[in-house]
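Residue numbers (the working numbering), protein chains in the order written: chain A, 223 to 464; chain B, 125 to 259.
Hints are supplied without guarantee of correctness; some may be wrong.
[To be verified] Covered by chain A, according to a simulated footprint, are these stretches of chain B (three or more residues, beta-carbon under 8 Å):
no., segment
1, 201-211
2, 219-232
3, 235-244
FYI, nobody ran anything at the bench for these hints, they're computed from the structure. Since the model is a prediction, treat every value here as computed from it, not as a measurement. We treat Cβ as the ideally placed atom computed from N, Cα and C, and that holds for glycine.
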Amino acid sequence: MDRRNFLKVVGATGAFIAVNPSTIQNELFANTGAMFRAYERVQLLDGAGAPIKISQLKKEMNYVFNYPHVSTPAILLNLDESTAKDVKLTSETGEEYVWESGIGKDRTVVAYSAICSHQLAHPTPDDSFLQYVQKDKPTMAFERSGVIVCSSHLSSFDAREGAKRLSGPAIDPLASVVIEVGEDDTLWAVGVLGSDRFHDYFKTFKPELKKFYGGKRKGKKLVKISAKTVPLTEYTKEIIQY
Amino acid sequence: MKKIITAVLALMLSSTLLVAAEVKDQKMADDMKEMMNAMVEIQKNWFYENPRGIKKGVKKLEAHMEYLKSSDAKGYLPKDQEYANKFAKKRAEMIELYAEDLVVSVEDGNDEDVLDNYTQIMNQCTSCHMRIRNW
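Okay, chain A solo, but in the shape it has when bound:
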């Protein structure tokens, strides 16, 4: 390969990665200081295998999909009001990062890791202690509803502002799942922003992973191509919400 061709290949590769950061399976530190980890770009499909369209999402309904690992649950929400923009968040260890906003026409669609940043409570096929509480339902965790609540220890998180912590013993915000909307209205997950706690999750819930996913190694596998996305009521047998 001559020098000119070599430079062309390097330039083209750089441009491709700049446009699609999720092609790098690694940690990226953006100009803002934001910590972002890209994973495989995965399409969100409904229970029947059809693509989920952003316009079909019901307002304030908890949808769950597992991402980026086959056993790590995430919540998808279409809020009933626009999300804030460029929210500065700080992790427990003092790292600052910026959560840009929700997506969609009105910036109402968001996705977060459904693993509580406090003691890792999360939805399982048996029960769910962590979910968004609709505005017309009461919660003991915070002065108003319309927030994500972990009913294990009553921590709450602001779904409109990058899941920053509002109340309770949790300190870190929930990690965000970075989602994109395609030209055809379809939804794609591309990475995770913030402290994800996956390492602790796999260590802590080894027997649970064995029960539901056939083992820790199987539960740690990365989701490829598509992620089944269902309402929380279908994902779990019992919703525990205070």
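Given the coordinates of chain A, assemble chain B onto it according to the supplied hints.
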């Protein structure tokens, strides 16, 4: 006369209920004490590298879980924590899950996993006790 009979019956019923509640409390207290002994036994035998002793400790722990699993936690949670009965129930289920895995880890000779499971059982115990005692 009717009034006296009614009063005596009411007294008998309430004292029976009281005794039943006391018996239940005593049963739970006994189970908790045995569970604590089982945890000490597991830890001691881990230090002595005695797999058989660890498994015996786990069996003891599991044998005294029945009441915790079947009872309504509202009965023993403080009034302001009664809402957390499902949290308490979940802790009991998790203890059982970790105990089962602990035995598997012993059989696999995986000391690190044995200790991890033991620590997780302790975590489940303390997270519920913190609520009960309002720590």
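8 Å C-beta test of the segment 235-244 of chain B against chain A, three or more residues
As far as the segment 235-244 of chain B goes, the hint holds, because 4 residues have Cβ atoms under 8 Å from chain A.
Does the segment 219-232 of chain B contain three or more residues whose Cβ lies closer than 8 Å to a Cβ of chain A?
Result for this restraint: holds, n = 4.
Given as covered by chain A, does the segment 201-211 of chain B meet the bar of three residues or more with CB within less than 8 Å?
This one holds; 4 residues, not fewer than the three required, reach chain A with a Cβ under 8 Å.
Figure legend: structure checked against the earlier numbered hints; every hint is met.
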